[in-house]
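For chain A, the structure is supplied; the task is to place chain B on it using the hints.
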Amino acid sequence: MTPGSEVVLALDDVAVEYESRGSAMRVLPGVSLELRRGEVVGLVGESGSGKSTLALAILRLLPANGRIVGGEILLDGSIDLARLGEEALRETRGPKVAMVFQDPLTSLNPTFKIGGQMVDVQAAHTPRRARRADRKVFLERAISLLGKVGLPDPGQIVRSYPHQLSGGMRQRVMIAMALSLEPELLIADEPTSALDVTLEAQILALLRSIQASRNLTILFVTHDLNVVAQICDRVVVMYAGEIVEQGRVLDVFEHPRHPYTEALLEAVPTRRNRGRALATIPGQVPSLLGELRGCRFADRCSYAKQCCRTEMPPVVASGESQAVRCHMRGPGALWESQDAKAQQ
Amino acid sequence: MSTPIPRVEAGGSLLSILDLRVVFSEGGAVSRLFSKNKGVQAVDGVSLDVAPSEIVGIVGESGSGKTTLALAALGLTQVTGGHVLYDGQDITRLGGSRIRRVRRNAVMIFQDPHSSLSPRMRVSSLLMEPYFIHKVPEPERYGVAELLEMVELPSRLASLYPHELSGGQARRVGIARALTLRPRLIVADEPTTGLDVSAASSILNLLQSLRVNYGTAYLIITHALNVVGYLADRIAVMYLGRIVESGPAEQTYDAPLHPYTQALIAAIPEMDARGGKRETFVSGEIPSPRDPPSGCHFHPRCPFAVQTCRDVAPLLEEARPDQWVACHRWREVASLEQA
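Read top to bottom, the protein sequences are chains A and B.
For the first sequence, position 128 (counting from the first letter as 1) is numbered 128 according to this note's numbering, and the numbering increases by one without interruption.
For the second sequence, position 186 (counting from the first letter as 1) is numbered 186 according to this note's numbering, and the numbering increases by one without interruption.
Only chain A is shown next, with the shape it has when bound in the complex:
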């Protein structure tokens, strides 16, 4: 389970804009991130943090008013997804990078049986001449994959329509479908957010075992820090379109370096903070219309100094695995985290 050093996906200064009422809103000002083979990376943030935009941008699935305005999205060190033509893009989506969405019901076609949809996915990535003869092979593969994702009686499932399955079963079907083209990178956007807790645990365990057996790289987009702790090796925290902190899950959760990460972690209700008031983050995520100067979290940050409002903070390496974008963590750190204070 130790991730190798080979970089599967490298985002370099990726910028995304949404066009709205004639003005451009820069939702991602320039994000850089690396995913290594066999790694499960959690991309966390609240609504409006840009985490879903980033996930969609990787597969060039942005809505019609969104576009990538800068940067590179390098797959396997050679293919720049940001500049790929339509045809080449189609060949990449599925066989190289696959995606699982939050709501399987909107991703599945309600008028076709599961088997047909799974066959079509495989057929679409097969040369035209071979398609007809292979449909039986594709269906058998579909059945075997449905069995592998833990669905009972897969022979029956392929003959069912999506509405005949429960939410947990549909999400398993989506995962089987995503795996059918043997991608090296799986992007999962809130795949368990709509599921009950026992089903969530089952799906997380399933993703973990698939990841381990195929050495799959997974980018797991979620707002749930508990889920990140459960499944991810590394966590990337986003705020208002920027990565504010990243590092190994254990390191970040034990010793958060960014004030926003720290506040997020303290806002999660658990039995341990029973009876105590939970930490809240005052204020709102800043509007991304117009020019933003300085640190985007400054207005809500209890540690903010003058420089935070005027100068963009640098990214500083911290500890063994962490990197943080904060003035207060630079040389001669001005800020001490809560747990550092508690230790004294």
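No wet-lab data here; the hints were simulated from the structure.
Warning: the hint list may mix true and false statements.
[Stated by the list, open to error] Covered stretches of chain B, going by a simulated chain A footprint (3 or more residues, C-beta under 8 angstroms): (1) 223–233; (2) 256–266.
[To be verified] With beta-carbon atoms standing in for the labels, derived distance ranges: (3) 159(B) to 303(A): 33 to 39 angstroms; (4) 134(B) to 109(A): 33 to 39 angstroms; (5) 105(B) to 277(A): 25 to 31 angstroms; (6) 212(A) to 332(B): 30 to 36 angstroms; (7) 310(A) to 159(B): 33 to 39 angstroms; (8) 311(B) to 212(A): 48 to 54 angstroms; (9) 254(B) to 89(A): 50 to 56 angstroms; (10) 289(A) to 112(B): 51 to 57 angstroms; (11) 134(B) to 103(A): 52 to 58 angstroms; (12) 163(A) to 105(B): 39 to 45 angstroms; (13) 93(B) to 47(A): 53 to 59 angstroms; (14) 87(B) to 164(A): 43 to 49 angstroms; (15) 159(B) to 19(A): 28 to 34 angstroms.
[Said to hold, decoys possible] With a straight-line Cα cutoff of 25 angstroms, these simulated DMTMM-like cross-link-like pairs (lysine to aspartate or glutamate) come out: (16) 113(A) to 285(B); (17) 148(A) to 285(B); (18) 113(A) to 103(A).
No residue lacks a Cβ here, since even glycine has one placed at the ideal position from N, Cα and C.
Coordinates of chain B only, in the frame set by chain A:
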């Protein structure tokens, strides 16, 4: 049929639910007459108490009947059997103006604030509407600004329409609306579901402080165990219309007795539990309440099930002081847990 023993407490309860049953019938009168379809047993013999200023959490997955129970607790759905006593008065038998008087003191916060706030009314009118419905004289009313302040919203929101509010703000307006009549009991259905981490934590803080300041009691319905573990005094776990375990929150959370409660707690992803966590969660999904399994409803998913579990529905029994469990085999399960 399981008839759990009601927890009898001498006059201490604000809300007492006794052997409550709610059955939803399906289809028209004729098809009901000729089919064997007995309808959906959404709530099947549930008893529960909420004391003044107590927080009781009802936990269950989709299809467990928890939302139906919440609606029945406020007389918002037709009850098939049993009693709901509010301050000793059976509200299942009340109608018209008398139920309205009860609803002045016992209110609901709905799960989806946007669908429970009229899109055509400004926040100020939404907040004052309960006073007109209940004909509350002016001096007994809170002002709009006062209500907004209670839920920590800026007073400038008073002139906005619901669609102009964020999810967290709309949720707060829903809570402010519930507070207008100074209720003694608030029933909250999934109060934090769908909110961002920091918005959810401020709602939980708010509920907590309202209890401290006004002695409000809560019945909180949720599928998020960490929320009840954090907030509730007592929890009750529901599975397919029945309570399978109930007890003091911390005790039940730390030492659950029912295999389903154990599975639920094992399934919660927790931040500090990585690696060392047991992966003994249940397989399968909650069956349809249309055709529940025989005996103990949980037996098809239960690793401890024996023949008795398939044949006989277990009754709630007091396994530990104040901790009640409906399981034939809780003693064996508990000893296995220790081993």
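The hints, checked one at a time:
1. 223–233: It holds, with 8 qualifying residues against the three required.
2. 256–266: holds (count 3)
3. 159(B) to 303(A): 33 to 39 angstroms: holds (35 angstroms)
4. 134(B) to 109(A): 33 to 39 angstroms: 50 angstroms Cβ-Cβ, so the 33 to 39 angstroms window is violated.
5. 105(B) to 277(A): 25 to 31 angstroms: holds (27 angstroms)
6. 212(A) to 332(B): 30 to 36 angstroms: holds (34 angstroms)
7. 310(A) to 159(B): 33 to 39 angstroms: holds (35 angstroms)
8. 311(B) to 212(A): 48 to 54 angstroms: Violated - the Cβ-Cβ distance for residue 311(B) and residue 212(A), about 41 angstroms, lies outside 48 to 54 angstroms.
9. 254(B) to 89(A): 50 to 56 angstroms: Given about 52 angstroms between the Cβ atoms, the range holds.
10. 289(A) to 112(B): 51 to 57 angstroms: violated (28 angstroms)
11. 134(B) to 103(A): 52 to 58 angstroms: Violated - the Cβ-Cβ distance for residue 134(B) and residue 103(A), about 40 angstroms, lies outside 52 to 58 angstroms.
12. 163(A) to 105(B): 39 to 45 angstroms: Holds, at about 42 angstroms.
13. 93(B) to 47(A): 53 to 59 angstroms: violated (45 angstroms)
14. 87(B) to 164(A): 43 to 49 angstroms: holds (47 angstroms)
15. 159(B) to 19(A): 28 to 34 angstroms: holds (30 angstroms)
16. 113(A) to 285(B): It holds: about 22 angstroms lies between the C-alpha atoms, which stays within 25 angstroms.
17. 148(A) to 285(B): It holds: about 18 angstroms lies between the C-alpha atoms, which stays within 25 angstroms.
18. 113(A) to 103(A): Within the cut-off at roughly 18 angstroms; holds.
Hints 4, 8, 10, 11, 13 from the earlier list are contradicted by this structure; the remaining hints agree with it.
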